[in-house]
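Peer 1: Sequence:
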Amino acid sequence: MSMHIISPGMLTTVQDLGRRGYMASGFQQGGAMDQLAARAANILLDNSESDGVLEMTMLGVKAYFDEDNVIAITGAEFAPTVTDSETGEVTELPMNCAVRVKKGDVLDCGSAKSGLRGYLAVAGGFDIAPVMGSMSTNLKCKVGGFDGRKLKSGDVLPLRYPQRDLYGMTARVFEPEKQKDGTVTVHVIPGPQDDYFSDKGKNIFYSETYSVTGDSDRMGIKLDGTPVESVDGVDIISDGIVAGSVQIPSSGKPIIMMADRQTTGGYAKIATVITSDLPLLAQLRPGGSLRFEKVDLQYAVKRIKQDNKVLKKLQYKILRADTSISGS
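Position 195 of the sequence shown, counted from 1, bears residue number 195 in this note's numbering, the numbering being contiguous throughout.
Some hints here could point you the wrong way.
Straight line, CA to CA, 35 Å or less: simulated DSBU-like cross-link-like pairs of lysine-lysine [unchecked claim]:
id: 1; residue 1: Lys178; residue 2: Lys313
id: 2; residue 1: Lys309; residue 2: Lys62
id: 3; residue 1: Lys150; residue 2: Lys200
id: 4; residue 1: Lys253; residue 2: Lys200
id: 5; residue 1: Lys142; residue 2: Lys152
id: 6; residue 1: Lys305; residue 2: Lys113
I should point out that these hints are in silico values taken from the structure, not numbers from a laboratory.
Full structure from sequences and hints, please.
Peer 2: Here it is in structure tokens:
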């Protein structure tokens with residue numbers, strides 16, 4: 001069973017939850033930028049949360065399957081349609097739920113109306129050999145995913161067969177929290193090198209409304225705004241970088257390190273974005289705006305627990321409906 005790519009979109013790669021355990025060897029973790037959306041897409045189809053998905057940036061894929069399948073699209077608000085291979089009839093598909101697609105019908109994910117990155121999962125998952133424990137595509141190193149590169153027209157992605165039929169389709173609906181328009185509030189924990197910055201610099205960091213620049217990417221989100229003032233420079237002995245580390249380079253303009261970040265860096269980190277707000281950042285387009293708000297570790301842990309609870313409730317809802325229908 002395969003998925004045939006007619007048009008790959010702007011930047012579409014295979015991603016999962018990333019390569020874990022290799023940062024000490026200097027290899028990036030990578031993985032989906034919006035991991036909550038990627039996990040939800042897989043849950044909707046009874047896949048493992050860590051299965052590979054297609055991460056589509058701004059413009060989605062156009063493709064067809066050589067057998068009947070079930071898909072789910074989450075993340076940015078795309079406008080997917082499917083064209084019947086026999087009648088030519090075009091039908092709009094809903095987001096954030098499991099949808100059946102017939103053999104030969106053409107799926108067109110369209111473009112993102114809001115947000116930046118969408119996630120396409122297929123029932124059973126992609127049949128792609130993991131590299132260092134992950135299917136994630138590392139474009140810089142050209143490893144993982146589909147031949148270590150972004151997808152192109154004519155690619156044929158092998159798929160695994162679902163382990164069983166999917167029941168309870170009406171229950172397979174994910175209800176993500178609606179994001180408000182305008183400036184996004186990003187919650188951060190101060191440090192680990194916030195002492196490198198003056199009181200004036202810290203005040204700027206927490207009061208400024210920053211805009212996302214056009215050279216932001218999967219490695220880092222670069223911000224424009226009033227420079228953050230340091231005490232005596234921002235150079236440090238290189239140390240580890242986690243997803244959400246906010247580096248302040250010599251320009252004084254923050255860079256938020258994301259999925260494809262390097263493993264170490266030599267600029268002071270004024271703060272660290274909490275894990276639960278990384279999906280917000282993954283969906284910010286160039287020109288979008290954000291501000292930082294200081295929180296503590298307890299708040300960060302609370303938010304992670306809330307995220308996990310949302311996904312557990314989705315799994316339970318599907319399981320109840322599935323058991324009820326399959327047992328009747």
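Peer 1: State the violated hints by number, sorted upward, taking the hints as numbered earlier in the document.
Peer 2: Violated hint: only 3; rest satisfied.
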